[in-house]
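Visitor: Protein chains in written order, with this note's numbering: chain C, -6 to 326; chain H, 38 to 565.
Just so you know, these hints were derived from the structure itself, not from any lab. Among the clues, some could well be false.
Unchecked claim - A short list of chain H residues far from chain C (calculated; beta carbon distances all over 12 Å):
(1) Ser39
(2) Asn76
(3) Arg126
(4) Leu127
(5) Phe128
(6) Asn136
(7) Glu160
(8) Ala181
(9) Glu193
(10) Gly220
(11) Gly388
(12) Val425
(13) Glu440
To be verified - To give a feel for the contact side, a few chain H residues facing chain C, derived at Cβ under 8 Å:
(14) Pro110
(15) Gly115
(16) Trp147
(17) Arg153
(18) Ile386
(19) Thr387
(20) Leu389
(21) Ala436
(22) Glu439
(23) Leu441
(24) Glu499
(25) Leu500
Stated by the list, open to error - So these bits of chain H aren't anywhere near chain C, every CB distance computed over 10 Å:
(26) Gly46
(27) Thr88
(28) Asp111
(29) Arg130
(30) Glu135
(31) Ser150
(32) Arg154
(33) Glu228
(34) Leu229
(35) Val263
(36) Glu269
(37) Tyr329
(38) Asp427
(39) Glu529
Ideal placement from N, C-alpha and C gives every residue a C-beta, glycine not left out.
Listed below are the residues making up each chain.
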Amino acid sequence: MRRRAPALGAIGLAVAVLGLFPVVITDPTATSIAVFTVIFMVATTSWNIFSGYSGYLALGHAVFFGSGGYAVALAARDWHFKGGWDVFALLPFGGLIAALIAVPVGLVALRTRRHTFVVVTIAIFFIFQLAAFNLGFTGGTSGIFLPIASFSAATYNNPFYYVGAVILVLTVIMSWAVRRSRFGLQLLAIRDDEDRALGLGVRTRRVKLIAFVLSAFPVGMVGGLDFYFVGQVYPQFAYNPLFDVSLALMGFLGGIGTIAGPLLGALVLEALQQYFTQTFSGSGAYLIIYGALFLAVILLLPQGVIPGLAGLWRRWQTRDARAAPAPAPGALP
Amino acid sequence: MSALLEVDGVSKAFGGVKALSSCGLEVHEGKINGLIGPNGSGKTTLFNVITGYERVQEGRVVFAGREITNARPDRVFGLGIGRTFQLTRLFSRLTVLENMLVATQRAEGWLRSVVRRAGSASERRRAMELLEFVGIARLAAEPAGTLSYGQRKLLELASLLVADPSVLLLDEPAGGVNPTLIGVLADRIAELNRAGKTFLVVEHNMEFVMGLCHRVTVLDQGTALVSGAPEEVRRNPAVLDAYLGGEDSEPAAVLDERRPEPRPAAVGMGLRLRPRPAPARRDDLLELRGVYAGYGGGDILKDVSIKVPAGEITCVVGPNGAGKSTMLAAISGLLRPRQGQVSFQGELITGLPPGDVLALGIALVPQAHSLFGEMTVRENVEMGAFTVRDQALVRRRLAAVEELYPIVRERAGERAASLSGGQQRLVEFARCLMLEPKLIILDEPSMGLDPQTRAVVFEMIELMRDQGRTVLLVEQNARAGLKLSSQGIVLENGTVRLTGSGREVLEHPEIGALYLGGGVSVGLQATS
């Protein structure tokens, strides 16, 4: 219990910051950055549930992001949603469509391992992008407009922010639940040695597929949220290769396989990127800063910020407590 | 007595190599069954077939009356067959306790498995009991990657027990483990057996196998040679032959099917008639003094001192796991000795990187085939002289090598991977000669070859010697290897047990006991 107190404190603080942010900071530029940041925190956490825990690097999660966006846009248009809080009710539908799409995609891609898997997810991603450009119901290049939300101009961003924050909390809870579950243990076992896991009775194909589908759901939801916020969904942004890469970069920066790592990675990178884009718009200078930051992390903490710092902390502690008795058996992992 | 697990007529080939041919095996319920056999006899492949890691083309595997041929590994495990791996495999980033919980079996839907916490209180208690049982409970919270080699073996065994399998297949449980821990392992296995568990144990440590097993099966070249009580098997002359290698066959022209006329003699015998250099007192080209070395899990070599006289063949023999390959790694710079000295031509070379050792004139032909499969035979041989700048010299050497190894010219443009195992071996020899090494180290050159091809390979080794090179040979086929060597060295358990002339070692009465257990009590020569 003693060990849990600081962790609970940190969680409470984080939730408080998350909840109070738009109350304290009302500048619409800042809250708009916050909306995008929360969206990416959800997507990266969700991506991590599959890629971080299983070790399978998926570079095609934009498929779920875009499909969730299209699902929400099409449903809002065809079912005549007015444009207010009602559209948010469609987000689970977007998540569901993304999860359904993840089933066949997973069945195909998860037949392969390692590099082949990465390439297959990229290939499937391009199939979806191409389809979005060319199919009739997606509206082709011009895409689909979503209803304009009827929120007051001064606090226009806040409903989007809070809905995103709620999804974020739920996704983090899911990530945490998976991490401590038997299912999560099997995923981590697959990451460390898939063949041995198989030999210990882990039904690896099933476990991987379930993780893949679980990880698609929240991404589909925030896809719907993102395009509702932007007002329009069209192929370049719905199925954006940069989205695929961003999730992986954010995950690696913070530390994949952890709960806090993807949150931190997305928080830092997405917020910085949005800020730089708005400040030095168009100059592209932000990319240099972005790159330098990345290089520094990879050189100094190659496993990512969270595991890297945790390792340093452990080493510092063990050096401190060399003479102290060994930890009690059965201590929490 | 009934067979709980039965393998019947199983064949398995990898490319052109037959790993198992009509192999049969019975694992008797409630017994500790041993599975022994020389390197490459198919023991691990048989494990892989039983546990579903390899699919077979023919034959059946039956467990408790149910056919499980080609069932997936997770199903085989679910039915009650657990296995360990030769090189322990753990989930290195999970804690020891988490490793134990992976194998917990629970009938529950996927949703429950996602939501519920891993390891109920009773599962955790059971896992801790089992860790206690193997003696590593205090490490429960450590990441498995930080365990020592022996602890990893214990954890691997314990993690299987969580699911309470009825049969345990252990692949070299004592390999690379220190003697104290081997004792612990043997105790635990015997205790589990008394509690009703059936075992199938692959092991090279004969003391361990003979002392522990109720019944031993010997595999040779993919087939079960004999089965029976340990003593019976130990006395069976066919078993000793399998380990020491049968008598040599005549070399045949099997390696160059395109050769217009058979001329093995032109390669070997003819040149051997040249007067041998005087066998007077020669300098030692290579010397090891008190070398200790290992791979992090404790020393494999313990105080090894040997001398390799120049211009002669020295053959190192010994059972699997004796440390032969480790010794070669310590010489060639692949492994840095923890203590002791290696000197070459009187100069210390201890701990030099492999490239520098090679540059001094020590070339190693490793045990596993090492040609670049997608490159042509000619390119492979030319790679041997990669560090030589003088192209004219390279061409001269290539011509000389082609003279000795006609296959290099005849198959020059073909992919190396398309050659047979024996042909590849000869091309490896040719490649190694491109550097004109002073000392040639050959690690198990005859392994996996049929008797005729093997004879050709041994001829080529003699030819190297006749051309004035020094050869350090590690050989599984002890009879053939010692016969052509002027010096024989027997390694056992990381130490030098015997040194003498090839013939003396070969005829030593206890050489058989060395391979099949019983140990060697009398040395021919004090080996400090």
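Visitor: What are the numbers of the hints that this structure violates, sorted from low to high?
Guide: 3, 4, 5, 6, 7, 8, 9, 18, 19, 20, 21, 22, 23, 24, 25, 27, 28, 29, 30, 31 and 32
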